[in-house]
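J.: Here's the letter readout for the chains.
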Amino acid sequence: MIKWINLAYRNILRNKRRSLVTMIAIAVGFTSISIFHGYINNAYEGLRWLAICGERLGHLRINKAGWKEQGKLEPYNYMFSKEQTDQIIRLVREEKDVVLVSPQIQVMGTVTNGLTSIIFIAQGVIPQDEEFINKFWFDVVGYVDEGYDEIIGETLREDKTYGVLMAKDMAHYLKMKPGSNGIVMAQTLTGQMNAMDIEINGVYDTGNDFSNDKFMRFNFNFAQSLLDTQSAERILVMLKHWKHTDRLYDLLLKKIRNAGIDCEITTWRDLSISYNKMKSYLDTIFVFLFFIVLAIVLVTTINTMSSTIVERTKEIGTLRALGMKRKGLSNLFAVEGALLGCFGSALGVILHTIEWTVIRLFPLHYTPPGLSTPVAMRVNMVPWALLALMVCFIVLSTIAAIIPARTAGKKNIVEALGHS
Amino acid sequence: MMKWMKLAFRNILRNKRRSLITMLAIGVGFAAIGLYHGYIHNAYNGLRVIAIRGEGLGHLRINKAGWNAKGKLEPEKYMFSQEETQKIMKLAVEEKNVVLATPQIQVVGMVTNGAVSTVFIAQGLVPKDEVIIKGDWKVFRPRQGHKIDDETIYGVEMAKDLASYLNLKAGMDGIVMAPTLNGQMNALDMQVAGVYDTGNDFSNDKFMRFNFYFAQSLLDTKSAERVVVLLKKWEDTEMMRDLLLKKLKAVGIDCEIRTWKELSLGYLKMKSYLDMIFIFIASIVLVIVIMTTVNTMGMAILERTREIGTLRALGLKFRGVSILFALEGAFLGFLGSIVGIILHTFVWVIIRLYPPRYIPPGFSEPVEMWIDMVPEMLMILIVSFIILSMVAAIIPARGAARKNIVDALGHV
Chain A
1 MIKWINLAYR NILRNKRRSL VTMIAIAVGF TSISIFHGYI NNAYEGLRWL AICGERLGHL
61 RINKAGWKEQ GKLEPYNYMF SKEQTDQIIR LVREEKDVVL VSPQIQVMGT VTNGLTSIIF
121 IAQGVIPQDE EFINKFWFDV VGYVDEGYDE IIGETLREDK TYGVLMAKDM AHYLKMKPGS
181 NGIVMAQTLT GQMNAMDIEI NGVYDTGNDF SNDKFMRFNF NFAQSLLDTQ SAERILVMLK
241 HWKHTDRLYD LLLKKIRNAG IDCEITTWRD LSISYNKMKS YLDTIFVFLF FIVLAIVLVT
301 TINTMSSTIV ERTKEIGTLR ALGMKRKGLS NLFAVEGALL GCFGSALGVI LHTIEWTVIR
361 LFPLHYTPPG LSTPVAMRVN MVPWALLALM VCFIVLSTIA AIIPARTAGK KNIVEALGHS
Chain B
1 MMKWMKLAFR NILRNKRRSL ITMLAIGVGF AAIGLYHGYI HNAYNGLRVI AIRGEGLGHL
61 RINKAGWNAK GKLEPEKYMF SQEETQKIMK LAVEEKNVVL ATPQIQVVGM VTNGAVSTVF
121 IAQGLVPKDE VIIKGDWKVF RPRQGHKIDD ETIYGVEMAK DLASYLNLKA GMDGIVMAPT
181 LNGQMNALDM QVAGVYDTGN DFSNDKFMRF NFYFAQSLLD TKSAERVVVL LKKWEDTEMM
241 RDLLLKKLKA VGIDCEIRTW KELSLGYLKM KSYLDMIFIF IASIVLVIVI MTTVNTMGMA
301 ILERTREIGT LRALGLKFRG VSILFALEGA FLGFLGSIVG IILHTFVWVI IRLYPPRYIP
361 PGFSEPVEMW IDMVPEMLMI LIVSFIILSM VAAIIPARGA ARKNIVDALG HV
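Sequence lines, in order, name chains A and B.
Quick note: this note's numbering has the first sequence finishing at residue 420, numbered continuously throughout.
Quick note: this note's numbering has the second sequence finishing at residue 412, numbered continuously throughout.
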């Protein structure tokens, strides 16, 4: 085998320029696919964190059974009572993959600064759990995209229940700053109108144009008293790793049902509107790019190999005359093609690393659709993807070499010897 | 010149398979760029129609000066009075590019079905103008029931998720509540005339459409918040903005005008994003195609070193040799582009006949994928591919022509 590789390697060196140009073509193809893959890989990761931590969906969301269908219509019927909430939290916490369990509640109503009033959608959350989510995000990812960690003012505080966070466009419309006072009005669960005083603790960016003019965050207890209830609408579960999502989904569903609480669980994937769509869209573009580049690279390699083979017709005749089988001949060219693919991809990996470093050092800023602030474009280094791509390119260039080699091997030996 | 072309053409035919494969590579590259461009071209058109007609932004939106900054805070100060509205509409409609000018007003409040209530954002629209803005597009029609009209002034259209939360269907009654312009709470009975799809998940659970007069009485005012102008052609948007701004200032109405591009949240971002991907794909494909062509021409030239020597010995100049190969490259590029156009048309026809369905980011329902045939772009692509392959041919040809004639003649 070593002998074959040695021969094929020498054959590649015979026409250095041609081999180099072919390798560059393969490398450019390789790099374009791998960089694009690294980009979408990073985009998925970012979108996932945005969904789980940014939109505060958590990995799993536990609701009372039927909440999705009827919850908005008869909210009082589809809430967890205080005992149920405590029981669920206890059950979920037992699992070792769970890092956080937190009850939440949503309130909709109008907020006024005394002059104008606009609608709001607020999540009632537990302050220290909020902080935990932010910290968790930062600790795992190492960075939080610009804009998401920025709160002007301070965060929610346990000891100041009437302090709220307000999304930035909303604060802008209402001319409210940290420290200003206002009034929120909402219907209690039984249908009475209720109003309470608030003070703005901080102003934040939801990261999304559609929600930046409506969203607020309340202290969980404050939201409960605005709704005049002791219940929780949902329980948010954060896991150590998103890959556990589906397994824990089954496990928790069974466990909580066994405890006699009828519930439904939704994963972050089902909840996040943008993640799935963006993913399928980028996947399509990736497949398109992948096939185009492969087709062109394949054609290029066939071209190189076939002209190599035509040049060496005489040699092929000699080899055959000396007793080499057709299979041996195909092998020789196949190894040559494979080596071309291998060197080309190695060059591609180098190019990829250079580009990756450049993008790391000087990240481009752009605003993806649906986000409100520009984010840095990052490209992930995904070793297994590079490996898969390498294998793919080697197989491809081997095929590209075998196709013309087979025709050459079929030639009459005498004719091949006399070829000029 | 004819003679040169003929020679170049014959040279291409000398190694048919190699030329064919190169042409194929060029063709695939050509078709890839052409198709992707056709796709984004179609997507931009679609997004534009959705912004202007679907979202009902019109081409231009005229607000009172300062509305953008402070309108939400003190709405009563930043509205057009009835006379101002009439005057603006009259002035705008005078222009021949203008199809219509219509007053609108936005209401934000709570809607209830008697049991639960939720927030809404409603646009007060003039029904007969709304029909013109929406045009013939079937997707913009209500899914259920009918549009707002002038007969039942309390009839409203409701976005589909909002309707399903409130369990309201066409024909059912509800109550809308909102603060009037001077801050009093006001409530009015309404009837759901139709349920529609905004096309967007973020707005499908909040949006409603009111009759303009209904919205005015809910806000207890005679004013209009804005005047929306629909133009004949979207290309005139910028020009008309300047023109109307000047015209309105001249009659003493202080206003600010925004275009659909500025108002549509999705359009510009989606466009810059798709443009970026287009540039990425186009440059990758071009680089690989150039490589392929350089390789092919390099081989052809190497094979013909002796010929080049002969030609030079017979008195052909440097330039002559370069021109010969440049023409050959140009031919390759041209024929490759033809292959590309055939491939492009083929795929285009298939997609036309069997359009795949997909959900673009931010949409609530799958749409059919369409690809536009853009002749200008194909022309540009042909020209750029010809130039590229000419360049790819000249690079190795120059090296070959420089060779010593005697050496070249003796080349094996």
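Calculated from the structure, these hints are not laboratory results.
You may find that some hints are simply not true.
[Claimed, not checked] Derived list of chain A stretches under chain B, where covered just means 3 residues or more per stretch with a C-beta under 8 Å from a C-beta of chain B: (1) 66-74; (2) 282-288; (3) 291-299.
The beta-carbon is built from N, C-alpha and C at its ideal position, and this holds for glycine as well.
J.: Now tell me, hint by hint, if it's right for this structure.
T.: Here is what the structure says about each hint:
1. 66-74: holds (count 3)
2. 282-288: holds (count 3)
3. 291-299: Check passed, 6 qualifying residues.
Violated hints for the displayed structure: none, as all numbered hints are satisfied.
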